[in-house]
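A.B. asks: The residues making up each chain are set out below.
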Amino acid sequence: MKQLIGSVFVLVMGLFLWSLVPLLGPSAGYLSTYFTQHGVADNHTANLVTAVVVNYRGFDTLGEVLVLFASVSGATFVLRRRDGLPTAQPWPASEFLATGARALFAPLVVFGAYIFVHGHLTPGGGFQGGAVVASAVLMLLLVNRDRHLPHGLMTWLESLSGFGFVLTGLIGLAVGGSFLSNKGLMPLGEWNTLFSGGLIPIIYVLVGIKVGAELSALLDVMFHSTGDADHQEGQA
Amino acid sequence: METFTAVLGVAGGVIAVIGALFLFLGALGIYRMPDVYNRLHAGTKATTLGNILTLVGFGLTHPEWLPKIALVVLFVILTNPLSSHALARAAIRSGVRPVAGTTSDEDCALTGGQKP
Amino acid sequence: MMLAIDFVVVAVIFVAAVGAMSCKNLVSSVLLGGLASLVASYLFLRMGAPDVAMTEAAIGAALTTVIFLVATRRTQEVEE
Amino acid sequence: MAETLVLVALGIALLAGMLATVQLVRGPDAATRAVALDAITLITLPMMVGLALVVGRSIYIDVALVYAILSFLGVVAFARYLDRGI
Numbered sequence: 125m126k127q128l129i130g131s132v133f134v135l136v137m138g139l140f141l142w143s144l145v146p147l148l149g150p151s152a153g154y155l156s157t158y159f160t161q162h163g164v165a166d167n168h169t170a171n172l173v174t175a176v177v178v179n180y181r182g183f184d185t186l187g188e189v190l191v192l193f194a195s196v197s198g199a200t201f202v203l204r205r206r207d208g209l210p211t212a213q214p215w216p217a218s219e220f221l222a223t224g225a226r227a228l229f230a231p232l233v234v235f236g237a238y239i240f241v242h243g244h245l246t247p248g249g250g251f252q253g254g255a256v257v258a259s260a261v262l263m264l265l266l267v268n269r270d271r272h273l274p275h276g277l278m279t280w281l282e283s284l285s286g287f288g289f290v291l292t293g294l295i296g297l298a299v300g301g302s303f304l305s306n307k308g309l310m311p312l313g314e315w316n317t318l319f320s321g322g323l324i325p326i327i328y329v330l331v332g333i334k335v336g337a338e339l340s341a342l343l344d345v346m347f348h349s350t351g352d353a354d355h356q357e358g359q360a
Numbered sequence: 330m331e332t333f334t335a336v337l338g339v340a341g342g343v344i345a346v347i348g349a350l351f352l353f354l355g356a357l358g359i360y361r362m363p364d365v366y367n368r369l370h371a372g373t374k375a376t377t378l379g380n381i382l383t384l385v386g387f388g389l390t391h392p393e394w395l396p397k398i399a400l401v402v403l404f405v406i407l408t409n410p411l412s413s414h415a416l417a418r419a420a421i422r423s424g425v426r427p428v429a430g431t432t433s434d435e436d437c438a439l440t441g442g443q444k445p
Numbered sequence: 008m009m010l011a012i013d014f015v016v017v018a019v020i021f022v023a024a025v026g027a028m029s030c031k032n033l034v035s036s037v038l039l040g041g042l043a044s045l046v047a048s049y050l051f052l053r054m055g056a057p058d059v060a061m062t063e064a065a066i067g068a069a070l071t072t073v074i075f076l077v078a079t080r081r082t083q084e085v086e087e
Numbered sequence: 052m053a054e055t056l057v058l059v060a061l062g063i064a065l066l067a068g069m070l071a072t073v074q075l076v077r078g079p080d081a082a083t084r085a086v087a088l089d090a091i092t093l094i095t096l097p098m099m100v101g102l103a104l105v106v107g108r109s110i111y112i113d114v115a116l117v118y119a120i121l122s123f124l125g126v127v128a129f130a131r132y133l134d135r136g137i
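Residue numbers (the working numbering), protein chains in the order written: chain A, 125 to 360; chain B, 330 to 445; chain C, 8 to 87; chain D, 52 to 137.
These aren't lab readings, by the way, just hints derived from the structure by calculation. Beta carbons: idealized from backbone N, C-alpha and C, even for Gly. Take the hints with a grain of salt, since some may be wrong.
To be verified - Here are some chain B residues the structure puts well away from chain A; computed CB gaps all over 10 angstroms:
(1) Met-330
(2) Thr-334
(3) Leu-350
(4) Leu-357
(5) Tyr-360
(6) Tyr-366
(7) His-370
(8) Ala-371
(9) Leu-378
(10) Val-385
(11) Pro-392
(12) Val-428
Said to hold, decoys possible - What the simulated footprint calls covered on chain C by chain D, stretch by stretch (three residues with Cβ under 8 angstroms from a Cβ of chain D suffice, anywhere in the stretch; the number is not a length):
(13) 24 to 35
(14) 56 to 69
Stated by the list, open to error - The calculated label-pair distances, taken between Cβ atoms and stated as ranges, are:
(15) D:Val-73 <-> A:Gln-213: 35 to 45 angstroms
(16) C:Ala-56 <-> B:Leu-400: 14 to 24 angstroms
(17) A:Phe-140 <-> B:Leu-337: 40 to 50 angstroms
(18) A:Ala-199 <-> B:Leu-337: 48 to 58 angstroms
(19) A:Leu-294 <-> C:Ala-11: 47 to 57 angstroms
(20) A:Leu-297 <-> D:Val-73: 54 to 64 angstroms
(21) A:Asp-270 <-> B:Leu-407: 20 to 30 angstroms
(22) B:Pro-410 <-> D:Arg-77: 20 to 30 angstroms
(23) B:Leu-400 <-> D:Val-73: 25 to 35 angstroms
Can you make the complete structure from the sequences, with help from the hints?
C.D. replies: Below is the structure:
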């Protein structure tokens with residue numbers, strides 16, 4: 125029954141998606157027209173999405189980062205138990221996979237950093253780059269489950285980058301007149317070069333570091349979580 | 330120079346079509362083969378070759394994008410053997426038996442199972 | 008031609024979603040969900056939203072799949 | 052000419068993807084499904100690059116690169132799950 129209801133739901137959603145296919149193309153509203161006409165002139169960013177996410181909707185991005193922080197701390201609070209049951213010893217990975225993972229770790233981190241540093245030029249940005257950095261950490265954890273991340277370093281990175289985000293917003297409030305304002309503090313630079321867009325690249329780098337540290341910490345906690353002793357007794 | 334670019338584009342298109350045919354053969358092998366190990370054989374080697382050929386062909390049709398596409402190809406060459414190897418090892422360790430008539434005695438000694 | 012490809016891709020997402028709903032094996036459900044995410048990433052790219060496509064590939068296909076797999080393994084260990 | 056050939060290659064890759072999807076849904080065990088997912092990953096990658104060619108925007112190749120990295124990690128994670136490694 126539950127599967128039937130679910131399948132009907134999926135069917136309705138699929139028909140909806142199907143009807144959307146011929147509409148693939150630009151749509152115009154008041155705000156999207158404004159952003160497409162003024163976004164590049166206001167911020168000098170080649171990737172307009174970044175201008176919208178970090179400048180026009182910068183406060184929302186701060187909220188998203190906070191939501192991610194809250195969910196990761198909740199998961200950590202629930203999953204970290206020192207008195208849990210010991211889990212089964214994992215089978216070791218083959219030498220080939222271990223060597224490959226070690227060789228690919230540094231290129232993946234560099235590529236993630238490339239994505240969030242170039243967030244205002246190419247697609248992607250803080251969230252995507254942070255996810256790629258976290259996937260590099262994931263690769264090490266997949267090969268060897270018992271590897272531990274340096275927790276102090278993660279905490280410092282995460283706190284400092286979050287603090288930097290809010291501080292940038294406050295500086296914008298003092299200099300430009302509104303929170304996260306992009307006017308006045310940094311030169312906007314030349315369009316489509318690395319040093320352009322004013323504060324936007326700085327904020328996206330901070331977001332990238334923060335998201336990467338948070339997702340890595342989440343994966344670390346998930347991989348090292350142990351069985352719940354209370355739950356086991358209750359079931360038995 | 331212009332004819333050179335045009336010829337390069339047509340050659341790239343032909344290479345891409347050949348690569349796409351390899352992709353199709355790999356998928357056909359996955360569809361038709363009897364068990365996991367045979368499917369790995371068809372589905373990883375043929376699709377890797379097809380992938381590389383298709384990407385290089387696409388790159389030749391737009392030579393100015395070739396460095397970026399070469400990066401993708403390099404990444405595929407580096408990572409795909411790893412994932413195929415991990416999948417084969419996982420299939421053996423999770424206890425999937427090879428189909429009858431495809432194993433030798435040495436294979437059985439490797440997997441620790443009897444000859445089916 | 009591209010429109011025909013779009014329709015087939017939507018059909019693949021549909022098949023993967025129904026398969027993920029109706030599959031008895033939990034791990035296969037996770038895999039089918041991962042397939043739906045991967046193909047949805049192509050569809051977002053086709054709609055002209057590379058940022059969304061990148062997010063879908065990063066979060067939907069890799070991290071969510073891995074978190075589901077780890078959670079499945081941990082619950083199995085407790086049940087055993 | 053070259054554009055037509057690119058479209059033909061995309062069509063053949065799409066057929067391959069459909070076959071692999073059928074096997075992924077049909078597959079008797081989880082390992083078969085993982086092999087099919089690996090193949091679909093390798094088929095979708097040229098489709099993304101071909102889309103970049105057809106639309107004419109080179110930045111789509113960045114998305115293809117991220118896609119290659121992360122889908123590879125997904126397949127390895129699945130293999131390690133079957134391997135009892137995670």
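A.B. asks: List, from low to high, the hint numbers that the structure doesn't satisfy.
C.D. replies: The structure conflicts with no hint, since it agrees with every one listed earlier.
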